[in-house]
Amino acid sequence: MTSSQFFGIATILYILAMVAYISYLAFRNNSVGMLATTITVMGFISQTIAFLMRWNDFYHLLEDTGVIKSPLQGIIRAIPVTNLYESLIFFVWCLILAYLVIEWRYRNRSFGAFITPIAGLALAFIEMSGMSKEIQPLVPALQSNWLLAHVVMSFISYSLFAVSFATATMYLITTTDKKNEPAYIFWVITSGLILILLVSMGIDYVIFRVGRPDILFKKGLLLKATFLNENAFISLLSFAGALIILFGIWRYGYLIKHIIQSMNISSELLDEITYKAIAIGFPIFTLGGLIFGAIWADQAWGVYWSWDPKETWSLITWFIYAFYLHSRLLRGWRGRKIAVVASIGFAAVIFTYLGVNLLLSGLHAYGGLK
Amino acid sequence: MEQKKTFVDRIWDFFTSIKLAIVLFLLISLTSIVGTIIEQRAEPQKNIEILSKLFGSDIAPALYSILDTLQFTDMYHSWWFVSLLMLFATNLIICSLDRLPKVLRIVREEIKPLPEEIFSTLPVKREIFLNKKIDNIKPTLIGALRKHGFNLKEDSSSGQLFSQKGAFSRLGVYITHLSILIILAGALVGIFFGFKGFLNIREGMTYSVAFRGGMNWTHQDEVMVENLITLMNRAKGDIVEAARFMNTTPQELRRTLRYYGIEPLGFEIECRDFEVEFYGNSDMPKEYKSLLVVRDKDRNFDKWIEVNDPLKYKGYTFYQSSYGTWPGVKGVFKFNFIDKNGNVLEKNVSPLEDFELPGGLKAKVVDFSPALAFDETGRPFTYTAQMNNPAALVEFNRKDWSRWVLKRYPQTWQLPDGSALQFVDYWGVQYTGLQVRRDPGVWLVYLGCIIMAIGLYITFFISHKRIWLRLVPEKNGTRVLIGGSVSRNREAFERHIDSIIKEVQ
Ligand code: HEM
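These protein sequence lines are chains A and B, in that order.
Each step along the first sequence adds one to the number in the numbering used here, with nothing skipped, and position 146 is 146.
Each step along the second sequence adds one to the number in the numbering used here, with nothing skipped, and position 430 is 430.
Hint data in this document are derived by calculation from the structure and do not stem from the laboratory.
Glycine included, each C-beta is placed from N, C-alpha and C at the ideal position.
Watch out, some of these pointers could steer you wrong.
Stated by the list, open to error - Covered by chain A, according to a simulated footprint, are these stretches of chain B (three or more residues, beta-carbon under 8 Å): (1) 14-27; (2) 30-44; (3) 152-165; (4) 301-311; (5) 456-463.
Claimed, not checked - Far from chain A by the CB rule (all over 12 Å, computed), these chain B residues: (6) Ile128; (7) Ile183; (8) Ser321; (9) Asp354; (10) Asp439; (11) Arg490.
Unchecked claim - Below, simulated EDC-like cross-link-like pairs (lysine to aspartate or glutamate); rule was C-alpha separation at most 16 Å, straight line: (12) A:Lys69 with B:Glu306; (13) B:Lys138 with B:Glu474; (14) A:Lys276 with B:Asp309; (15) B:Lys297 with B:Glu270; (16) A:Lys310 with B:Glu39; (17) A:Lys69 with B:Asp309; (18) B:Lys46 with B:Asp13; (19) B:Lys334 with B:Asp273; (20) B:Lys286 with A:Asp64; (21) B:Lys364 with B:Glu346; (22) B:Lys407 with B:Asp309; (23) B:Lys286 with A:Glu63; (24) B:Lys286 with B:Asp309; (25) A:Lys257 with A:Asp177; (26) B:Lys303 with B:Glu346; (27) A:Lys69 with B:Asp273.
Input sequences plus hints: build the corresponding full structure.
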């Protein structure tokens, strides 16, 4: 079997796991919970195999093209995290690993329903955006040993920030009561957006991949079935549907709150996990994302800092998490306010990673999705 | 006098507040976001286009002029952004200084026995019963705790045993904060005492200066710059010598050079060759490399530089950063003629120059394409101005021998009689774009980075742990009361203590 087949299996298992975790939360049936964990572990194993196989394939490609000087250098440089596709996959792998550790440490499966959708979102995005899945040889700038440390550590920290986002959202869900509270509206919008994106990418999948396997995809199909549909009516309908979903969550949010509370998760625990994930993610991000990135730029181009949008957005992300760490020290800022800050931090992470490439590249003249 | 002090106090208070830090985090982030949307140091037209896409073309020009006035078009160098960073640094310094004495006291403080009423309020508490006499269990406890890094001391009057470790970890935050200041200081040293510029050298050319860039030279300036470059080259980069040529002092010459954004290197640097290697037959670049030659008074050497592998000499670093074709110059075709027996003859010829080859063979290059491809009808065309696939149309004095010879395709070198004309290079038209830097502050930045890594590690992964034991004799054994406190990550500490307890029991 090939690497992409193993990864295909992992993708399907993760999506099933997401469904299972959500059902587990809804029906509180322990065997469903067991099933969810089993599926996740199997998906994780399958993805690990896929990852190692791709690493191996990549190593042979580098060996064949003669850009490596020693086997060790080859192993270091062949780690498959060199393009958008590979790095998103690696992000999912780290996130699932982090989740499994949390499930095991806190002996509680209900986090799964909030963390696996983030992985699902990344996987659906990979599938529908039409990004290249090919193994590509290394362009000159990527031929550096710093690649490994920089990218791997960045993505470990991103996955920890994703965890903190999930638990911060859960915290907001369990601690807000009034429907007109800003924090309540905030979590309705953040979790609603994720749900809406998941649903619309699911529709993309059903319509384009299952329904029309005959067409060849070159460009992204992201949201083409719904919001970006050529038919203005369907597009309008989609926005209306999105509003209905948001309204539904807003109206019946207390049900989610009851479910989480019935799972024996206290808000203190959620706050603590949020803080811990950031307290581990922050130093890793600082060292791997900012410092190693700067050293690499220094060695490749002779500027350790050039205020380009990617660098600047990493710095913004860093500042927001510094904001989070320091606002905990302010009297009266514990709780909801800083959970909101943690959520915004993750939004900045997503923008640093995807937004700079996808949105700013539409404005500026540099590469987006290839 | 009295009033002045309260004023200073007020400023001090202003800068010690974390609230200010929070506001600054927010302000720097928000303004930076604008800076990533507006392209920095770009032509106005570019940004007006961007603004048109976002807000419509009606208000884009007006919006642009507002943003331009507010210096958002070069915001990371604007006075207000630099002021924000300065405020941030001041906040950091004063806030840290304000708290440091208290923290130092805690770090230095010896651990003391606790009165019973405080002992009972410790956040971590355990109680175990051991069926041994006090004097027998003391060594066991001391031994078990020493294995975990706690060296127990005994207080003779209260009989309490206690120990602490990791007190220094409370300084982690301050080490982290200090590292930020060191990095900022390093950046400032680089900005004020360093040089960041570029140098485009065509193959075969030599320079002894580099250029700061971003200068707006008038035509007159350009003439002057040309003269200065020639002068410096004639003096082989030696500024004293160059000043003598010009009948001026080295200081004066240095000042003139600085005015025009010219950095005298003090040695000569030549680009002997520039090459792009590609993956297989694709146009995907595998490596950009330049053969640089350094000529100094007492030392000559050369080095191939690549992306990620620069040349360093006398405080300057030359990075491979771009490349291109120099407009309006003629190069030299470098051929190897390989006869049927494998003998190699090197030929360097100009375009349209007749050249003789063994066996009465004559040839000349009549056309050149930097990137040759053929369309469906077989007609040749150039697909990019870069030298991705250099090709020479060579005419021979034999009928039907004329052909395109391609550098990247050895099969095109073969001639009908079994000999071959290897196209080695079209040399002297490409330039290598070097980023040139001298940064006396970079070591400070690196030092700051190392210190930051250490500081963050200490802050988040080491904690100040304190532990107290009270031994209460009972009928057939001893009750051991354990109390502890920790500066962070209490659960891990509790697990740690529980594992120690298991060992003792
Ligand atoms: C981006 C820059 C900064 C970084 C990376 C940073 C980093 C940190 C870290 C990691 C902590 C420990 C937080 C925790 O234990 O959860 C901390 C604490 C703290 N920071 Fe900063 N900091 C920065 C800027 C500032 C500024 C500008 C101030 C000025 C007021 C400040 C004041 C403090 C204070 C007072 C503490 C608490 C110290 C204590 O707990 O004793 N920090 N900082």
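Results of checking the hints against the structure:
Counting residues of the stretch 14-27 of chain B whose CB lies closer than 8 Å to any CB of chain A gives 6, so the stated coverage by that chain holds, three being the minimum. Look at the stretch 30-44 of chain B against chain A: 7 of its residues bring a Cβ nearer than 8 Å to a Cβ of that chain, three or more, so the hint holds. Chain A is given as covering the stretch 152-165 of chain B, and this is violated because 0 residues of the stretch bring a CB closer than 8 Å to a CB of that chain, at least three being needed. Closer than 8 Å: that is the beta-carbon criterion, and the stretch 301-311 of chain B has 4 residues meeting it against chain A, so the requirement of 3 holds.
Three residues within the 8 Å Cβ limit are the bar, and the stretch 456-463 of chain B against chain A gives 5, so the coverage statement holds. Under the 12 Å C-beta cut-off, the non-interface status given to B:Ile128 relative to chain A holds; the minimum distance is some 26 Å. At roughly 9 Å from the closest C-beta of chain A, the C-beta of B:Ile183 falls inside 12 Å, breaking its exclusion from the interface. Listed as outside the interface, B:Ser321 is inconsistent with that label: its C-beta sits roughly 6 Å from the nearest C-beta of chain A, within the 12 Å cut-off.
At roughly 39 Å from the closest C-beta of chain A, the C-beta of B:Asp354 stays outside 12 Å, upholding its exclusion from the interface. Listed as outside the interface, B:Asp439 is inconsistent with that label: its C-beta sits roughly 8 Å from the nearest C-beta of chain A, within the 12 Å cut-off. Its beta-carbon lying about 10 Å from the closest one in chain A, B:Arg490 breaks the requirement of being farther than 12 Å from that chain. Between A:Lys69 and B:Glu306 the CA atoms are separated by roughly 14 Å; this keeps the pair inside 16 Å, and the hint holds.
A distance of roughly 15 Å separates the Cα atoms of B:Lys138 and B:Glu474; the hinted pair therefore holds under the 16 Å criterion. Between A:Lys276 and B:Asp309 the CA atoms are separated by roughly 39 Å; this puts the pair beyond 16 Å, and the hint is violated. The straight-line distance between the Cα atoms of B:Lys297 and B:Glu270 is roughly 15 Å, inside the 16 Å bound, and the hint therefore holds. For the proposed pair A:Lys310 and B:Glu39, the alpha carbon gap of about 13 Å is at most 16 Å, so the pair holds.
This hinted pair checks out: A:Lys69 and B:Asp309 have alpha carbons roughly 14 Å apart, not beyond 16 Å. The straight-line distance between the Cα atoms of B:Lys46 and B:Asp13 is roughly 45 Å, outside the 16 Å bound, and the hint therefore fails. In summary, the hint linking B:Lys334 to B:Asp273 is supported, as the alpha carbons are separated by about 12 Å, within the 16 Å threshold. Taking the CA atoms of B:Lys286 and A:Asp64, the gap is about 13 Å. The hint holds against a cut of 16 Å.
Using a Cα cut-off of 16 Å, the hinted pair B:Lys364 and B:Glu346 holds, with the two alpha carbons roughly 15 Å apart. A distance of roughly 26 Å separates the Cα atoms of B:Lys407 and B:Asp309; the hinted pair therefore is violated under the 16 Å criterion. Between B:Lys286 and A:Glu63 the alpha-carbon distance is near 13 Å, which keeps this suggested pair within the 16 Å criterion. Distance restraint check for B:Lys286 and B:Asp309: the Cα-Cα separation of roughly 14 Å lies within the 16 Å cut-off, and the hinted pair is therefore satisfied.
Distance restraint check for A:Lys257 and A:Asp177: the Cα-Cα separation of roughly 9 Å lies within the 16 Å cut-off, and the hinted pair is therefore satisfied. A hinted pair counts as satisfied when its Cα atoms are at most 16 Å apart, and B:Lys303 with B:Glu346 does not qualify at roughly 24 Å. A hinted pair counts as satisfied when its Cα atoms are at most 16 Å apart, and A:Lys69 with B:Asp273 does not qualify at roughly 23 Å.
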